[in-house]
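Taking the hints into account, I'd like the entire structure generated from these sequences.
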Amino acid sequence: MSRDMNAYLREEIQRTPFCPGCGHGILMGVLLRAIDEMALPMERVLFVSGIGCAAWIPSPHFKADTLHTIHGRAVAFATGAKLYNPELITLVVSGDGDLSSIGGNHLIHAARRDLDMTVLCANNMIYGMTGGQVASTTPEGAETTTTPGGNPERPFDLCRLVAAAGARYVARYGVVQPLLLKRAIQKGIRTRGFAFIEVLSPCPTQFGRRNRLRDPAETMKSLKARLISQRQAKSLTESERASRIVYGEFASEDSDDLEGRGRDA
Amino acid sequence: MSRSRTEGLLPPGDYYLSGNEAAAEGALAVGCDFYAGYPITPSSEIMERMAWRLPEVGGTFVQMEDEIGSLCAVIGAAWAGAKAMTATSGPGFSLMMEPLGYAVMTETPLVIMDVQRAGPCTGQATRVGAGDIMQARWGAHGDYQIIALSPWSVQEMFDMAVQAFNLAERFRVPVVLLAEEAVGHLRERITLPSEVTVIQRDRDKTRPPFGSEEPDGVPPMPAFGDGADLLVTGSTHDEWGFRKTEDPEVQRRLVTRLSRKILDHRAEICSVETYCMEDAQVMVVAYGFTARSALHAVRHLRGEGLEVGMMRLRTLWPFPEEAVARMGEGRARVLVPEMNLGQIQGEVQKAVDCPVEAYHQVNGEVIPPSVLLKWIRERSL
Amino acid sequence: MKERIEIRLCGFGGQGIVLMGLVLGEAAVRDGLWAAGSNSYGAQARGSACQSEVVLSRAPVDYPRVLAPDLLVALSQEAYERYVIDLQKEGVAVYDAGLVKPRGGLPQPHIPVDATRTAVEGLSQKQVANMVMLAAVAALTGIVSQKALLGAALDAVPARLREINQRALEAGFRLGESAREGLSYPLPDWTLCEASARADA
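Same order as they appear, the protein sequences are chains D, X and E. The numbering used here puts the first residue of the first sequence at 1, with every later residue one more than the last. The numbering used here puts the first residue of the second sequence at 1, with every later residue one more than the last. The numbering used here puts the first residue of the third sequence at 1, with every later residue one more than the last.
Treat the hints as calculated values from the structure; they're not laboratory data. Keep in mind that the hints are not guaranteed to be accurate.
With a cut-off of at most 27 Å between alpha-carbon atoms, the simulated BS3-like pairs for lysine-lysine come out as follows [as the list claims (entries may be wrong)]:
hint, chain 1, residue 1, chain 2, residue 2
1, E, K101, E, K2
2, E, K89, X, K374
3, X, K205, D, K63
4, E, K2, E, K89
5, D, K63, D, K224
6, X, K374, E, K2
7, E, K101, E, K126
8, D, K187, D, K224
9, D, K63, D, K182
10, D, K221, D, K234
11, D, K234, D, K224
12, X, K244, D, K63
As structure tokens, this is what we get:
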């Protein structure tokens with residue numbers, strides 16, 4: 001059954017700025033569907049984003065309060081808003097470079113503080129908006145405009161990082177897994193405390209074309225092929241696992257106390 | 001409107017407080033209900049006091065992971081409806097420059113108390129300086145105007161904290177209380193009033209929150225949760241907040257209004273005081289703690305029969321150009337002592353026609369009256 | 001008549017010099033006076049020449065720090081040596097009889113007070129020597145009232161330390177009174193006048 005999502009969008013904005021094949025459009029749709037199913041009171045939902053392509057997912061598209069901030073600091077802005085008005089259902093939507101590199105310190109401290117907010121990290125493994133520079137999430141060996149010989153550094157495992165910092169709910173899914181992703185977003189929002197969801201969202205323009213994934217469809221297929229569950233990962237050797245991405249929930253608490261969070265709460 | 005003291009506020013009367021304590025009490029008196037900060041000498045007493053006082057008045061306190069995050073949290077809270085502040089000193093103030101620019105661009109009312117210490121860099125953390133004057137004015141990139149106040153006493157730490165919040169609400173602009181270590185740590189008798197003037201932002205959501213018909217107007221500011229579907233961004237935006245990052249006219253109009261809403265209201269914002277100026281040939285222009293040394297020297301020199309007077313700048317930014325020009329007219333000489341290498345001196349020189357001489361001291365100590373006594377006397381005979 | 005009385009309290013870090021200044025200023029405010037105080041800060045306050053200064057007046061003062069103290073109160077030799085040189089010619093020094101050996105040949109009167117010995121032997125609590133000394137200075141000079149000092153001091157210390165501090169202050173008042181009775185010369189006139197710096201209308 002398809003739903004009319006127009007009610008969640010500002011009528012002044014008729015199209016997204018994302019490149020063909022970008023995963024962010026899918027994430028945008030999944031996020032709104034998750035919200036719609038939960039019937040969240042939109043006048044209490046606050047979207048906070050930083051700088052970069054993913055920061056444009058909520059701002060200016062979503063018809064709600066949106067705070068489009070400066071690079072790396074979205075979580076800190078959200079911290080102030082949420083602490084001052086705990087009634088705000090606070091969702092941070094931003095990219096991997098924004099949240100984990102320049103903003104990494106705010107991310108781990110918000111997890112440590114266990115602030116009741118949900119952070120969606122759209123991970124495209126690259127700095128997209130600025131032209132394809134290496135990120136702290138770029139796979140080892142990948143070519144970027146600042147690693148002409150391949151990325152010599154290891155990427156962060158963001159889920160392990162944030163779980164170690166104390167997040168209540170941590171999950172990773174690709175935009176090629178929309179139903180799992182939607183469920184995770186809903187679980188994140190329902191979690192009383194800090195929730196972090198890493199969303200793998202491919203960037204054909206800046207990452208794909210430098211790494212033999214020129215065709216947007218190819219980037220999606222490649223992502224789908226690389227994703228394995230935690231159970232599948234267990235049966236693989238470390239070298240077999242190296243090229244794969246493990247999806248699933250990495251921290252989860254009983255989130256039954258859901259009153260006030262929408263109709264399916 | 002004025003606000004009577006409510007539960008949790010200190011009862012009116014005389015107290016013996018430090019400047020930092022008084023600044024915190026002033027903020028509470030005018031309705032500050034959110035503080036985010038990070039410890040730094042010599043401002044930490046403000047944060048420590050807010051940590052136990054804010055819960056007493058129903059406010060919210062958070063110690064953040066750094067000063068960047070502190071100011072960002074303050075901005076986030078302000079958009080959620082708070083009267084929010086932070087306090088810091090040089091190195092922390094430096095870190096705050098990017099979110100400060102964001103606050104200017106998004107017209108977010110907030111207060112930063114910068115208790116200045118001797119810089120640059122780590123400098124002398126426990127010692128005094130007044131080296132952040134130009135940073136307060138120009139620290140963030142781009143063209144903008146900001147308001148900065150310079151308290152000289154513990155009483156003024158309270159009074160100007162009140163004024164800072166009121167100006168921030170009135171003009172939707174970050175206001176910097178440019179204190180100095182010597183005033184922050186000074187203890188003095190202070191009289192807390194039974195009520196203070198309180199200005200509240202207009203939360204009307206029917207008019208655009210980022211534009212105004214007038215080229216110097218201040219738009220209304222609803223809060224998150226008011227149902228205004230706010231679109232807040234540090235990118236160039238139109239009157240409803242839509243990003244217009246390639247439209248020359250929107251950029252021009254926004255940047256011009258951000259400046260004009262302050263500059264066109266200088267008469268309302270700026271405040272100076274004069275002492276013994278009526279027949280003075282020599283005018284000393286001073287601010288902050290240095291003005292207390294200068295006043296001591298000026299009174300002494302008056303006793304010697306010299307025709308000297310003093311103007312004290314209570315507002316540093318926007319610079320009270322008109323008052324300085326008017327008061328400087330016809331004087332033989334203007335003298336500007338500063339605990340820096342000459343940051344206000346140039347502004348004074350721009351405003352007056354007579355020669356301006358400056359005394360600079362950057363040794364981490366206040367300028368003692370004896371030094372100014374000699375320096376002013378030599379230039380007044 | 002004077003526009004201001006300047007007091008410098010000094011000793012080594014840990015003797016409670018900063019607290020003495022705080023209590024003295026608070027007591028003056030309770031007496032209806034104006035007070036301004038500054039003190040050593042950070043590492044300085046923990047060092048060997050910690051100082052706390054208070055300026056008393058009847059109206060707000062222009063310069064709030066000590067220029068040349070009228071009264072020096074010294075609780076350590078090193079601090080005494082360092083600060084006695086600033087003492088006004090017409091000033092007075094009060095020193096801890098057990099810890100400070102005054103220089104000879106100075107024009108200012110030097111008045112010994114056995115504060116630390118009283119605290120150790122009479123009260124079995126060395127930490128309250130500062131309050132013994134402060135009370136003695138108040139009783140000796142009359143710069144603040146005994147009632148205001150007692151109130152200010154007891155409000156400044158934690159509840160569990162109030163009793164010992166009260167005993168310290170009472171002992172100090174007695175020491176100060178007997179020191180004053182023993183003086184063979186009058187102390188300077190420290191009456192405050194009303195002068196103040198007023199801004200132009």
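Cross-check of the supplied hints:
no., hint, in the structure
1, K101/E with K2/E, "30 Å, violated"
2, K89/E with K374/X, "21 Å, holds"
3, K205/X with K63/D, "15 Å, holds"
4, K2/E with K89/E, "15 Å, holds"
5, K63/D with K224/D, "31 Å, violated"
6, K374/X with K2/E, "23 Å, holds"
7, K101/E with K126/E, "19 Å, holds"
8, K187/D with K224/D, "22 Å, holds"
9, K63/D with K182/D, "19 Å, holds"
10, K221/D with K234/D, "23 Å, holds"
11, K234/D with K224/D, "18 Å, holds"
12, K244/X with K63/D, "18 Å, holds"
Hints 1, 5 from the earlier list are contradicted by this structure; the remaining hints agree with it.
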